[in-house]
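There are 6 protein chains.
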Amino acid sequence: MPMIRVEMFPGRTVEQKRALAKALTEAFVTHGKTTPEAVSIIFVDVAKEDWATAGVLASDKQ
Amino acid sequence: MPMIRVEMFPGRTVEQKRALAKALTEAFVTHGKTTPEAVSIIFVDVAKEDWATAGVLASDKQ
Amino acid sequence: MPMIRVEMFPGRTVEQKRALAKALTEAFVTHGKTTPEAVSIIFVDVAKEDWATAGVLASDKQ
Amino acid sequence: MPMIRVEMFPGRTVEQKRALAKALTEAFVTHGKTTPEAVSIIFVDVAKEDWATAGVLASDKQ
Amino acid sequence: MPMIRVEMFPGRTVEQKRALAKALTEAFVTHGKTTPEAVSIIFVDVAKEDWATAGVLASDKQ
Amino acid sequence: MPMIRVEMFPGRTVEQKRALAKALTEAFVTHGKTTPEAVSIIFVDVAKEDWATAGVLASDKQ
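Residue numbers (full-length UniProt numbering), protein chains in the order written: chain H, 1 to 62; chain S, 1 to 62; chain R, 1 to 62; chain F, 1 to 62; chain A, 1 to 62; chain L, 1 to 62.
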């Protein structure tokens, strides 16, 4: 049943998402004591202009 | 006040979303004892390459 | 794959949650063209002091 | 550590998001007793056809 | 329609949440060009043992 | 900047959460090409009576 939602900057390739899905699932199976089939993962791209820290948009920090 | 957030694969038409909004609201009014005006629903499309189960992207399962 | 997350005021009984889960799933299967097994639902209780509209906590509106 | 997630209709400009990020952070620092660096904000655009209230899509209310 | 969800460490008083709700709503009305009635806010307490950065639980950082 | 939110059944110990936080962060650093400091993780316990699949509460499936 673990539902893992990942918000991240855009730009990861499908290959990276493939590897992330596999590695995050394995990490959860090993340390969270569950089965791979129980683990769901959603990736959500958040543009740098839509993510702020300390009051400043990430797109304004470069 | 119920806030219903639905994450789903892309592809539902506006007509389907219209019908879903109506039916989900009615279900909640009937069984959750609230009023239609209190119910908010958000639909979020999640691409198959962004949704993994058992460590495998949905886009890799076809 | 639809993941439905419902935020609502506390107080619904297990029976109400049971009926809501069944009805929301049926609504999605009928209008969202999916199978019951694909539908996951999470209920999240939000206390009235933690939910504000128009700048006022719901617990202050009674 | 406050993580603020804002779901809103599309259409705000980068300038508005810049001002919102600054103002929301200041509001939190002042009233939530934290530091600007601790505050993260994510903006999520939700199309009017994906947001329903009282069982009706926002895009159908105009 | 803005829906603002705030995840934060536990411990804010009702008075602080009252002030936060007011200030966050005002910030959004001013800079997001909307009305107070359109703004909903949800506060979610997250225990320090449930929040990690750099792989370390916040509860382990004191 | 990756923000990882994990919804799971209650019952994991602090030790398990500690190990999960470490392993999930490492998985992301390795495959998501980021730094440990950029990764935040939130664990959210969801009771079995609040999680349904195929229209049936998890608490009713035992």
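In short, the hints are calculated from the structure, not lab data.
All residues carry an ideal CB built from backbone N, CA and C; glycine is no exception.
Careful, some of the hints might be misleading.
[Claimed, not checked] Here are the simulated lysine-lysine pairs, PhoX-like style, with alpha carbons at most 20 Å apart:
{"id": "1", "chain 1": "A", "residue 1": "33", "chain 2": "F", "residue 2": "33"}
{"id": "2", "chain 1": "R", "residue 1": "22", "chain 2": "S", "residue 2": "33"}
{"id": "3", "chain 1": "H", "residue 1": "33", "chain 2": "H", "residue 2": "48"}
[Said to hold, decoys possible] Part of the chain H face toward chain L, derived, beta carbon under 8 Å:
{"id": "4", "residue": "3"}
{"id": "5", "residue": "4"}
{"id": "6", "residue": "13"}
{"id": "7", "residue": "14"}
{"id": "8", "residue": "20"}
{"id": "9", "residue": "23"}
{"id": "10", "residue": "28"}
{"id": "11", "residue": "32"}
{"id": "12", "residue": "45"}
{"id": "13", "residue": "51"}
{"id": "14", "residue": "61"}
How the hints compare with the structure:
1. Taken as a hint, the residue 33 of chain A and residue 33 of chain F pair is broken in the structure, with Cα atoms around 26 Å apart against an allowance of 20 Å.
2. A hinted pair counts as satisfied when its Cα atoms are at most 20 Å apart, and residue 22 of chain R with residue 33 of chain S qualifies at roughly 15 Å.
3. Simply put, residue 33 of chain H and residue 48 of chain H have alpha-carbon atoms about 35 Å apart, too far for the 20 Å limit, and the pair is violated.
4. A hinted interface residue such as residue 3 of chain H counts as satisfied when its beta carbon comes closer than 8 Å to some beta carbon of chain L; here the least separation is about 4 Å, so the hint holds.
5. Here the hint on residue 4 of chain H is kept, as its CB sits about 5 Å from the closest CB of chain L, short of 8 Å.
6. The beta carbon of residue 13 of chain H comes no nearer than 10 Å to any beta carbon in chain L, farther than 8 Å, and the hint placing it at the interface is violated.
7. The criterion of a C-beta within 8 Å of any C-beta in chain L is not met by residue 14 of chain H, whose closest approach is roughly 12 Å, and the hint is violated.
8. Given hint, residue 20 of chain H at the interface with chain L, holds; its Cβ is 5 Å from that chain's nearest Cβ, closer than 8 Å.
9. Taking 8 Å as the C-beta contact cut-off toward chain L, the hint placing residue 23 of chain H at the interface holds, the least distance being around 4 Å.
10. Taking 8 Å as the C-beta contact cut-off toward chain L, the hint placing residue 28 of chain H at the interface holds, the least distance being around 7 Å.
11. A cut of 8 Å between beta carbons decides the hint on residue 32 of chain H: the least distance to chain L is about 6 Å, and the hint holds.
12. A hinted interface residue such as residue 45 of chain H counts as satisfied when its beta carbon comes closer than 8 Å to some beta carbon of chain L; here the least separation is about 11 Å, so the hint is violated.
13. The closest approach between the C-beta of residue 51 of chain H and any C-beta of chain L is roughly 6 Å, which is under the 8 Å cut-off, so the hint is satisfied.
14. A cut of 8 Å between beta carbons decides the hint on residue 61 of chain H: the least distance to chain L is about 11 Å, and the hint is violated.
The structure fails hints 1, 3, 6, 7, 12, 14 (numbered hints given earlier, in ascending order).
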